[in-house]
Each structure stands twice: as structure tokens, then as C-alpha cells.
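Peer 1: Chain by chain, the residues run as shown.
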Amino acid sequence: DPKIIQKPKYLVAVTGSEKILICEQYLGHNAMYWYRQSAKKPLEFMFSYSYQKLMDNQTASSRFQPQSSKKNHLDLQITALKPDDSATYFCASSRDWGGDQNTLYFGAGTRLSVL
Amino acid sequence: GDSVTQTEGLVTLTEGLPVMLNCTYQTAYSTFLFWYVQHLNEAPKLLLKSSTDNKRTEHQGFHATLHKSSSSFHLQKSSAQLSDSALYYCALSDSTGGADRLTFGKGTQLIIQP
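Taken in order, these protein sequences are the chains called A and B.
For what it's worth, the numbering used here labels the leading residue of the first sequence as 1, then goes sequentially.
For what it's worth, the numbering used here labels the leading residue of the second sequence as 1001, then goes sequentially.
Just so you know, these hints were derived from the structure itself, not from any lab.
Where is the CB? At the ideal position from N, CA and C, for every residue including glycine.
Any given hint could turn out to be false.
Claimed, not checked - If you anchor each label on the Cβ, the simulated ranges turn out as follows: (1) 111(A) with 1058(B): 31 to 39 angstroms; (2) 1059(B) with 40(A): 38 to 46 angstroms; (3) 115(A) with 1052(B): 44 to 52 angstroms; (4) 115(A) with 1059(B): 26 to 34 angstroms; (5) 96(A) with 1005(B): 39 to 47 angstroms; (6) 8(A) with 1069(B): 24 to 32 angstroms; (7) 1081(B) with 8(A): 42 to 50 angstroms; (8) 1010(B) with 103(A): 40 to 48 angstroms; (9) 1028(B) with 18(A): 20 to 28 angstroms; (10) 96(A) with 1001(B): 43 to 51 angstroms; (11) 1014(B) with 77(A): 44 to 52 angstroms; (12) 40(A) with 1081(B): 24 to 32 angstroms.
Unchecked claim - Partner residues are not named here, just some residues of chain A that face chain B (Cβ under 8 angstroms, in silico): (13) 4; (14) 26; (15) 42; (16) 43; (17) 51; (18) 52; (19) 56; (20) 57; (21) 104; (22) 107; (23) 108.
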């Protein structure tokens, strides 16, 4: 059974709309992350959270807002969607934030298409 | 900033032949290097990681050696299996070595044919 659940698996949105990508992890981890993979680009780090607090933000646009209601949840709200936001969004977690023994565990991703 | 360069695009091999996927990196800091593998419709999973110069790391038949002198961390396997068909990512962390911010390469799609 997958330990990091992302919903939905596929998402189609119209330009200008707002969507929330859901992520829940059942690994007992304290740190959670969002990464994005656009067409023909590498996986790109977006955000990291530790104990529900934002630790690092590499996303220039305020249209992307993580939301953590519980330690094992890290949703991603995207407002005013643009076609360039089309990508696969991966949620990930690790036991702790930072530290040289941490391993990153990924969810299967949400593929977002903005028309 | 940090960057990772991998063997471009698609690599197709016949079952039983050796596998080598290249990975080189640039960073101003000390390094942890990782290989992640993503099978079709699955999540990326950690395959190997290393921070020790010139030490071979092995897992599930794959191995890689971090060479800081050449900034390389190539992934190898002596004999490819059909189940090795997947997307492989090389990734780099900053001096903390933690998972908090990884820089990924573009990925190499490996296809093993009978």
C-alpha cells in the first residue's frame, strides 16, 4: 500500500481557476515537501515543511500556497492557474528535515493540466 | 547554483548487457549524491546514495562510486534485467546532505528489451 497518498492522480483545470492538491503521508515523518516536474525539465524543489512549519520556499510565485492542517498533511493550493503551471506535482516526506541520513520518499504525483 | 547533468533522454539496452547511466554535477559545497528510480505509474524511490569519495555503494544489483575529483556519480549494473526498465534520476543535496532540497537531473529513461 502506498504510504504517501496524493489526490487526485490527474487534474484538468481552466486558466484562472484555483485547485488544491492533496497529500497525506503515513510514514510517521516530520518533514514534508513539494516538488514539481514540468515537461522536459528536472524535478524542481518547491517547498519544505518541518513539524508543520515552512522551512524553505523556492517558489517565486505567491499563487502557490502550501497548507498543513496536520503533521502528516501538506496540501498545495494553486490560485489563478496558468497553462505554464501544467506539470506533475510530487509530494514527498522524510523522517526529519535536514541531516545526512535522511531519505526522501515520494508520492506518485498529481498530473495537472491547465487549459 | 547547483546543477546535475545526466545521460540524455532514452537509453535502450538488450537484457543481459551492462548498464551505465552517467551523472555529473556542479556544486560549491560538500555533497551528497543520490540515484532515484521511477517505474511506470509509481513514485520515485531511492536507489543509492553516497557522500564518501571513491567508495562504491551498492543496492539491488546497482552500484555507483562518487568521484569528487571528476564530480561524477555514474550508475552501473553488470547485467540488465527487463524489470530495470524505468526512469532514473540523479540528484544532489547541499552541504547538509538532507532531503530538504535536492537538485535533480532531467532523468534518463532506461528501456531493457529481450
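Peer 1: Find the hints from earlier in the document that the structure breaks and name them by number, from lowest to highest.
Peer 2: Hints 2, 4, 5, 6, 7, 8, 9, 10, 14, 17, 18, 20 not satisfied by this model.
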